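K.L.:
Spelled out, the chains give:
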Amino acid sequence: MSLLVVRGLMASYGTTPALFGVDLSLNEGEVVALMGRNGMGKSTTVKAICRMIGSTGTLTMDQHDLHQLPSHKVARLGIGLVPEGRRCFRDLTVTENLMASTRRGPWDIARVANLFPRLAERKGQVAASLSGGEQQMLAIGRALVTNPRLLILDEATEGLAPIVRQEIWSAISQIRDETGMAILLIDKTLRELAKVADRAVILARGQTVWSGDMADLTPDITHAHVGVHQDQNG
Amino acid sequence: MIAERYINAVVLLGLLVVPSYALMVDEPFTITLATRAVVLALAAVGLNIALGTGGLVSLGHAVFFGLGGYAMGILAFHAQTYAPLSLGIFEIGGTKSMPIIWLVAIVVSALAALAIGLLSLRTSGVYFIMITLAFGQMFYYFAISWSAYGGEDGLSIYLRNDFPGLNTLQPMPFFGLCLALLCLALILHWRLLLSPFGLALNAARQAPQRVETVGLNPMRLRLVAFVISGAVTGLAGALFADLNRFVSPTMFSWQLSGELIVLIIIGGVGRLFGPVLGAILFVVLEHWLGAVTDFWHVWLGVILLLIVLFARGGLLGLLTGKEGPHV
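For the protein sequence lines, the chains are A and B, in the order given.
Add 1 to a position in the first sequence, counting from 1, and you land on the number used in the numbering used here.
Add 1 to a position in the second sequence, counting from 1, and you land on the number used in the numbering used here.
The set of hints was computed from the structure by calculation and includes no laboratory data.
Values in this document were obtained by computation on a predicted structure and should not be read as measured data.
Mixed in with the good hints there might be a few duds.
Residues on chain A that point at chain B, a partial pick, calculated with CB under 10 Å [as the list claims (entries may be wrong)]:
id: 1; residue: His73
id: 2; residue: Phe90
id: 3; residue: Asp92
id: 4; residue: Met100
id: 5; residue: Lys196
id: 6; residue: Trp211
From the three backbone atoms N, C-alpha and C, an ideal C-beta is built for every residue, glycine too.
Full structure from sequences and hints, please.
P.N.:
Below, the structure is given as structure tokens:
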């Protein structure tokens, strides 16, 4: 039984269409990589799933029609988003960012501190004063303490130093291994995606052009649809 | 620069020392002035919860101040005329008991804030300001035309209401009551700021859409804050009416809503003691400058201008060297 089902998803920004039929599904505990070149609709798909922009087509989570729900109720259904560009609550401290977001479940502030010891050292600091990597860890922590069933990471390692990227990737692996949480990953580093993801969905021009097991993703396919990004191995 | 908590302690100490000194040297009017400052501070603490923490620029908070005032006025009026208050099929007597009056003021203001909030919080920015202003004017003109309770002339209450065990006719016990309620409201705001609700409200002010992605409904957060805010301002209204033993439609006026915002800006928006410092300065200026010139508001305007231009964190921001939260 699929946890998240997206079928024929269409969306537009004002009068400019952005998605022309995205199909993807995600099972409980599965890690899926959402890939594609820049501007092909990956982030738009995530925004549509989280109901931050309007869309049409099939969009269900656990058989609930997400189109009937406002953004905050989608989050309450169990979709935790780590948005592109981190977007922490800048004037709140690390602890306060987490406190404001916490909902009952296995993930609490202490567990996030365990996952990111670097963040624990900065717990009294306001988010705006953190480094990019620390803000990213906080954004992930903030999504985790909402105790989602599906975690969506939108470009979680973009623009970070290689050593920080490694920390984030190992945290993602840890989350997958320890909790069995379903994860939808948008990233451009193919080598890392291949290590953690079970399946991949590739978008081009706002549509799903390929989906299948990560193992079946041949260099030809990635070359055609993901392009130069396969070489960026961070 | 001085840590904010020391300034807060000095302000609180000043509020204890000045009236006590006035009592010793037999200057009851100074105690009345201090009471006025404390009551205005309480009203502004209420508004500060919505404005400073929630980022809701309400230009209609006089509605709650007026409702609190009229709750006191109407209950005390029926008590002093021995005419029961008719509520459709029910008839209840008036009361001179402060705790009951306070409770009624809080409940009525909270319900009004709930209704006004449900309608106005769908909008934001200048539209929110205009809708709250419009509600304020509605209540103002309703009070003017409500001849049963004095209409434009307002209602006079002969004697201050009672509080068990205290002689509220004396200025000092009444001042003590008002100060105690102000301290309770400050503790409420302080606890709120540290609670997950307060943090989420703070976050919703900074980034509403991001708050939604963690499953919080910004509209509900703001509504709860608006209701708490209205209830506190309503309680201040009841005290203000008791201080003057008089209620009139001016308690609903938009100038009063504006003054409450000015108090907060002068003291420091979103800071716990911002409204308290602002209210003290306001009353001092009103009294001292008001004695020198009828146009003391001009000087208040100059101070406001200087603060908005050069000290965005208000007086507290200036003294602590830290800007307040961005609203």
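K.L.:
Once the shortest beta carbon distance from Trp211 of chain A to chain B is found, is it less than 10 Å?
P.N.:
Since chain B brings no Cβ nearer than about 28 Å to Trp211 of chain A, farther than 10 Å, the hint is violated.
K.L.:
Does the CB of Phe90 of chain A sit less than 10 Å away from some CB of chain B?
P.N.:
Phe90 of chain A check passes; min Cβ-Cβ to chain B is 4 Å, inside 10 Å.
K.L.:
Does Met100 of chain A pass the interface hint, meaning its C-beta sits closer than 10 Å to a C-beta of chain B?
P.N.:
It holds, given that the least Cβ distance between Met100 of chain A and chain B is near 5 Å, below 10 Å.
K.L.:
Report holds or violated for the interface hint on Lys196 of chain A, using the least CB-CB distance to chain B and a cut-off of 10 Å.
P.N.:
27 Å, violated
K.L.:
Have a go at the Asp92 of chain A hint: is there a Cβ in chain B nearer than 10 Å to its own Cβ?
P.N.:
6 Å, holds
K.L.:
The hint names His73 of chain A as touching chain B; please verify it with the least Cβ-Cβ distance against 10 Å.
P.N.:
Holds. Min distance 4 Å.
The structure does not agree with the numbered hints 5 and 6 stated previously, though it agrees with the rest.
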